[in-house]
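Asks: Okay, here's what each chain looks like letter by letter:
2 protein chains.
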Amino acid sequence: MSRPLEVVLISGGMDSAVALGMTLKERFEAAGLHLNYGQKTEKREVRAFKEICDFYGIEKRLVVSLPYFRQIGGSSLTDEKIPVSTSGIDPQGIPSSYVPFRNAHGLSIATSWAEVLGASRIVIGAVEEDSSGYPDCREVFYKAFEQAIRLGTKPKTKIEIATPVIHFSKAEIVRKGSELGVPFHLTWSCYQNEEAACGVCDSCRLRLKGFEEAGVEDPIPYKEKEKIYA
Amino acid sequence: MSRPLEVVLISGGMDSAVALGMTLKERFEAAGLHLNYGQKTEKREVRAFKEICDFYGIEKRLVVSLPYFRQIGGSSLTDEKIPVSTSGIDPQGIPSSYVPFRNAHGLSIATSWAEVLGASRIVIGAVEEDSSGYPDCREVFYKAFEQAIRLGTKPKTKIEIATPVIHFSKAEIVRKGSELGVPFHLTWSCYQNEEAACGVCDSCRLRLKGFEEAGVEDPIPYKEKEKIYA
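Those protein sequence lines, which keep their order, are chains A and B. Residue numbers for the first sequence follow the numbering used here, so the first one is 25 and each next one is one higher. Residue numbers for the second sequence follow the numbering used here, so the first one is 25 and each next one is one higher.
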């Protein structure tokens, strides 16, 4: 009997890679979905997506381009006029890297694809507590969206949203990934560089802090590693 | 003082045109959003969008392309292998023209744009009762999605979803549009033709039935008008 299908959002970063590693321990077959939304490190992230899919032998893959995020702007990740913050994470408020309501787009695409494939679950590696304070990374948002999926798809369609790392700290993600043999060397987190990670954008800082706290060496190359914690 | 902003989803069809005409009676300034999602009549619909915006003097416009709907498929509107139904509407079940979870994509884009613009309302011309039975056209879906918007955007962002024609029949839409001077001659509803409407696809049938019941002449050209009611 074939295994049930799930659509896994794989950004190329460490959180979604660990979420994927965790979900592959269950009996689901994964279909990998990656979004190019005009982010500055788009090419490096799609390479990470492909290498992670190769690593896990994922055959069903969908890479979609959302060029409209650049038309909409409003984020340092998609708007050339807004610089990526490198001066440390502001514990208050929403950072400039917030892409307005971005995760809803990923969930909508995942839902459409899941409905066509007949998949019963969407997996997303969102992290609530130790993330950058993005509102669309909170569990309450996913619960609300799951309800919208239930009411906005065919009656026979049943799709749940799994957020396996939502309450993990970055250190717990590193520990869990190490335990499961997740290929961290294939992942990419930096918001601004594609060759060697910058080490100072919010995403690099959170990643480095996670590896440091977990006592694990981060295998990807860095331009500089600043030991400034958020 | 400037008027509050709203993002109006303008498909080029008659429902969203009437929703727009109704909302412009209020004190909002409209920003027009149109989606090209790989539908067969994409070019004709974007022309209708532009002409409707010109008619109402809407300056803020965003036309976004969602080429991934063709990658996902699963609908007669986006998949060349699935023919558009022309044999009448099945009162049971979901028609082949259902594009899986499509309206969630439009709402997500509208929300991202509204958050960047500082708009406080999204207007969508979805019709629940007299539509083709699409699950993402029901009021319960919009209520659930509004909750997802509340939880997935910045705390200071307040965006509501207005569905002014959701409980209208097609005949009521025609009557309301006629009363408000909505430019029906600029709208396009046909799922398969771009020159003269086919008159026999589900969308043409619903439109023709609405005009007939309202006792109003439909001003757009038809290839054939079959008087078969759903």
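A hint or two may mislead.
[Unchecked claim] Straight-line distance between alpha carbons at most 35 Å, and here's what the computed DSBU-like set of lysine-lysine pairs gives:
(1) A/K178 with B/K247
(2) A/K84 with B/K64
(3) A/K178 with B/K180
(4) B/K182 with A/K233
(5) B/K49 with B/K67
Calculated from the structure, these hints are not laboratory results. Nothing here was measured: the structure is a model prediction, and the numbers come from that model.
Asks: Hints first: check each against the structure and report whether it holds.
Replies: Verification of the supplied hints:
1. Distance restraint check for A/K178 and B/K247: the Cα-Cα separation of roughly 33 Å lies within the 35 Å cut-off, and the hinted pair is therefore satisfied.
2. A hinted pair counts as satisfied when its Cα atoms are at most 35 Å apart, and A/K84 with B/K64 qualifies at roughly 26 Å.
3. The hinted pair formed by A/K178 and B/K180 meets the criterion: a straight-line CA distance of about 33 Å does not exceed 35 Å.
4. As the CA atoms of B/K182 and A/K233 are separated by approximately 34 Å, the hinted pair is consistent with the 35 Å bound.
5. Only pairs whose Cα atoms come within 35 Å are accepted, and B/K49 paired with B/K67 is accepted, the gap being roughly 29 Å.
Comparing the model with each numbered hint stated earlier shows that all of them hold.
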